[in-house]
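Enquirer: Same order as they appear, the protein sequences are chains D and L.
With this note's numbering applied, the first sequence corresponds to residues 1 to 231, in that order.
With this note's numbering applied, the second sequence corresponds to residues 232 to 707, in that order.
Warning: the hint list may mix true and false statements.
To be verified - So the derived label-pair ranges between C-beta atoms look like this:
hint, chain 1, residue 1, chain 2, residue 2, range
1, D, K143, L, I505, 28 to 38 Å
2, D, K85, L, A243, 36 to 46 Å
3, L, A243, D, S87, 51 to 61 Å
4, D, R66, L, A639, 40 to 50 Å
5, D, F39, L, V689, 21 to 31 Å
Derived from the structure by calculation, the hints contain no laboratory data.
All figures in this text were calculated on a predicted structure; none of them were measured in a lab.
Every residue, glycine too, gets a C-beta built ideally from N, C-alpha and C.
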Amino acid sequence: MRVLVVEDEKRLAENVADGLRQGAGYAVDVANDGESGLFMAENNEYDLVVLDLMLPKLAGPVLLERYRKSGHETPVLILTARDDKPSIIKLLNGGADDYLSKPFDLGELLARAKALVRRGKGKSQPVLTIGDLEINWADRTVKRAGKPVELVPMEYRVLEYLASRSRAVVSKTELLEHLYDYNWEKFGNVIEVYISGLRKKIDSNSRTKLIHTLRGHGYALRVEGSAGTDQ
Amino acid sequence: MKNSLRKQIIVAVLVSQLLLAIGLTLAIVLYSRAQLLWDFKIMLAGRADSVLAVIHDAEDESKTLVLDRGRLSIPAGDLVEVWDENGSLIWRSPNWTGAPASVIASSSPTFALDHGHVPYRGIVMRRATIFDEEDSRTGPLRKVTIVYASSTRGLNRHILKIGIFATGASLLLLCLAGLFAAYGVSKGLSPMQELAKAAADVSVRNWSFSPPQEARTKRELAPLVDALEATIAGLQRAFGRERESTADTAHELKTAVAILKSSLQLLSYQPRSIDDYQKGLDHALEDCDRLEALVCGALSLARAQQWAEEGKSDDIQCVDLVNSCEQSVANLQALAQSRSVELRCLTDNNDEYIVQASPADLKTVWVNLLQNAIQHSRPGSTVSLRVSASDPDNALIAVEDTGTGIPAEHLPYIFERFRRGDPSRSRATGGFGLGLSICRAIIKAYDGRIEIESTDGVGTRVLVSLPTMTRVSSSE
Numbered sequence: 001m002r003v004l005v006v007e008d009e010k011r012l013a014e015n016v017a018d019g020l021r022q023g024a025g026y027a028v029d030v031a032n033d034g035e036s037g038l039f040m041a042e043n044n045e046y047d048l049v050v051l052d053l054m055l056p057k058l059a060g061p062v063l064l065e066r067y068r069k070s071g072h073e074t075p076v077l078i079l080t081a082r083d084d085k086p087s088i089i090k091l092l093n094g095g096a097d098d099y100l101s102k103p104f105d106l107g108e109l110l111a112r113a114k115a116l117v118r119r120g121k122g123k124s125q126p127v128l129t130i131g132d133l134e135i136n137w138a139d140r141t142v143k144r145a146g147k148p149v150e151l152v153p154m155e156y157r158v159l160e161y162l163a164s165r166s167r168a169v170v171s172k173t174e175l176l177e178h179l180y181d182y183n184w185e186k187f188g189n190v191i192e193v194y195i196s197g198l199r200k201k202i203d204s205n206s207r208t209k210l211i212h213t214l215r216g217h218g219y220a221l222r223v224e225g226s227a228g229t230d231q
Numbered sequence: 232m233k234n235s236l237r238k239q240i241i242v243a244v245l246v247s248q249l250l251l252a253i254g255l256t257l258a259i260v261l262y263s264r265a266q267l268l269w270d271f272k273i274m275l276a277g278r279a280d281s282v283l284a285v286i287h288d289a290e291d292e293s294k295t296l297v298l299d300r301g302r303l304s305i306p307a308g309d310l311v312e313v314w315d316e317n318g319s320l321i322w323r324s325p326n327w328t329g330a331p332a333s334v335i336a337s338s339s340p341t342f343a344l345d346h347g348h349v350p351y352r353g354i355v356m357r358r359a360t361i362f363d364e365e366d367s368r369t370g371p372l373r374k375v376t377i378v379y380a381s382s383t384r385g386l387n388r389h390i391l392k393i394g395i396f397a398t399g400a401s402l403l404l405l406c407l408a409g410l411f412a413a414y415g416v417s418k419g420l421s422p423m424q425e426l427a428k429a430a431a432d433v434s435v436r437n438w439s440f441s442p443p444q445e446a447r448t449k450r451e452l453a454p455l456v457d458a459l460e461a462t463i464a465g466l467q468r469a470f471g472r473e474r475e476s477t478a479d480t481a482h483e484l485k486t487a488v489a490i491l492k493s494s495l496q497l498l499s500y501q502p503r504s505i506d507d508y509q510k511g512l513d514h515a516l517e518d519c520d521r522l523e524a525l526v527c528g529a530l531s532l533a534r535a536q537q538w539a540e541e542g543k544s545d546d547i548q549c550v551d552l553v554n555s556c557e558q559s560v561a562n563l564q565a566l567a568q569s570r571s572v573e574l575r576c577l578t579d580n581n582d583e584y585i586v587q588a589s590p591a592d593l594k595t596v597w598v599n600l601l602q603n604a605i606q607h608s609r610p611g612s613t614v615s616l617r618v619s620a621s622d623p624d625n626a627l628i629a630v631e632d633t634g635t636g637i638p639a640e641h642l643p644y645i646f647e648r649f650r651r652g653d654p655s656r657s658r659a660t661g662g663f664g665l666g667l668s669i670c671r672a673i674i675k676a677y678d679g680r681i682e683i684e685s686t687d688g689v690g691t692r693v694l695v696s697l698p699t700m701t702r703v704s705s706s707e
């Protein structure tokens with residue numbers, strides 16, 4: 001998952017970004033003003049935008065309005081230091097998905113971020129089940145047939161993203177878009193390495209294979225031939 | 232109980248009208264009395280003349296004058312006395328003892344007396360006349376004195392009637408005028424009451440002030456309406472500014488606290504190495520310093536603004552301006568060197584500028600201005616502070632840099648709190664945008680002026696002018 005943090009207070013932006021990276025395992029981009037925030041939000045695929053309201057160059061509410069007008073469905077979490085309810089209501093009605101007042105609790109921010117990402121993908125269950133594979137969004141643990149599977153962080157992120165896309169075929173480009181932040185060089189073969197790692201840890205001991213490669217299209221995480229088991 | 236303005240005005244009107252009525256009644260009565268007395272006197276003279284007509288010589292040789300009682304026709308009750316030139320009584324009304332000698336001797340033709348408890352008024356008429364003789368010879372000129380008095384009871388009754396009528400009419404008119412005054416005053420004052428009601432309706436929650444249209448058209452009330460409108464609008468603006476400033480300060484404080492809190496929470500989120508903890512704690516300490524600086528800045532701004540409004544400060548003394556500037560420049564040399572900026576203090580040591588201020592306040596201003604200049608200067612450039620005289624009563628302090636300058640669109644708001652020329656850049660230097668606000672509040676408190684001139688990319692000059700007490704100059 002990839003998150004954009006738009007916050008002009010650099011230290012706060014850094015802390016939020018670090019929290020999201022360490023606590024949720026997300027790839028995080030940071031924009032320090034409204035203009036670059038909107039530019040980044042419109043030109044990259046994000047799974048969540050964390051938006052401060054008082055921003056130089058382009059105010060948060062305006063950014064939100066333009067972002068929604070250009071048709072983006074990505075959940076937006078507002079950070080605000082003003083506790084004035086009318087403007088909160090206006091923001092929520094204007095396309096924001098949630099808000100947190102400063103000073104906030106980092107744990108709460110992470111929980112809300114995860115919940116927003118989850119709901120953004122159309123999932124409400126805290127544990128995703130695909131066949132006998134269980135993925136716990138909250139504490140980022142994976143079980144196959146009831147047994148814990150140890151994954152390296154990047155492997156988990158690939159798995160989580162594939163699971164969030166519900167049996168759909170996910171291209172390598174899409175995976176790269178959503179798993180790496182702006183500053184990373186994106187090489188497709190990195191994904192292949194993680195996929196093969198995941199195959200080894202998840203599928204090698206089972207008769208039912210869950211990770212499928214569709215040559216030329218991408219990858220899918222599903223119980224082949226079954227329907228509706230991806231909840 | 233409160234005094235009613237309406238009551239006061241009505242009472243004032245009624246009292247003045249009462250005085251008018253009393254005066255008018257008195258005038259009427261006095262004039263009527265004078266007129267009636269004049270008529271009375273003429274009547275007396277006529278009656279006295281009729282007495283004179285019935286006086287003739289006596290038949291005998293004595294040459295005395297006698298009064299023909301049979302022909303005398305005067306109203307009953309009138310008193311008559313006729314004397315001849317020798318002072319002997321010719322005739323006197325029966326029931327009368329005669330006028331006092333003083334009356335006859337007096338030169339005044341009229342007199343008043345009481346007869347049998349009835350007021351009388353009379354005249355003394357002296358006539359010289361020729362009384363006809365039977366043989367048609369012209370007789371000698373004979374002088375007689377006629378004293379004639381008549382009761383003034385009827386006259387007095389008449390005057391009393393006039394008085395009663397005038398008083399009654401006055402009182403009736405007074406009542407009517409009072410009613411009219413009460414009505415007029417109530418109606419006249421009603422816009423004032425409505426205005427007061429409109430003013431009372433204004434509160435912190437509701438600033439809309441709608442004075443009655445009638446009050447606006449009244450010459451006496453229009454200035455009050457204007458003054459109220461201006462005051463309320465001013466108060467509303469001040470409240471708005473205050474609210475905005477509180478919200479701004481709260482925003483900055485919450486953000487600073489959010490940074491500190493998130494730093495600490497991030498640190499405790501997962502086990503880390505000693506080195507990481509050390510780094511995290513250092514970060515948290517930096518965040519604390521920022522928070523502290525913000526609180527101190529907000530407090531000194533509030534204090535300076537309060538002084539600017541109340542016009543007083545503790546610790547006011549005579550400060551040598553050059554000395555104060557030189558000290559601040561010396562204090563900032565280290566910062567300037569660390570940024571490879573040359574910092575100069577240009578003053579003519581022969582000049583001495585004494586200002587009345589708190590030394591700490593002035594230092595705050597110079598340090599803030601110099602810090603801004605140094606932070607926005609490129610390495611190798613120069614920041615200068617120059618003290619000179621703008622005019623005999625004011626010292627001019629100019630802080631000049633050839634740094635990054637301020638974009639023209641930010642200049643009008645540069646003195647507003649939490650306003651930063653370019654937020655990202657200023658935040659990088661650790662400023663909160665309070666420095667210039669504090670400077671302006673302090674300079675304002677000392678009746679000085681502060682202006683800023685800047686060209687984007689070329690440099691900035693801040694000009695501070697402060698009133699000086701004396702300027703001792705040996706170079707002049």
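Enquirer: None of the hints should be skipped; say for each whether it holds.
Expert: So, going through the hints one by one against the coordinates:
1. D:K143 to L:I505: 28 to 38 Å: Since the Cβ atoms of K143 (chain D) and I505 (chain L) sit about 34 Å apart, the hinted range of 28 to 38 Å holds.
2. D:K85 to L:A243: 36 to 46 Å: This hint is violated: roughly 57 Å between Cβ atoms.
3. L:A243 to D:S87: 51 to 61 Å: holds (58 Å)
4. D:R66 to L:A639: 40 to 50 Å: Between R66 (chain D) and A639 (chain L), where Cβ atoms are some 26 Å apart, the hint is violated.
5. D:F39 to L:V689: 21 to 31 Å: About 30 Å separates the Cβ atoms of F39 (chain D) and V689 (chain L), which means 21 to 31 Å holds.
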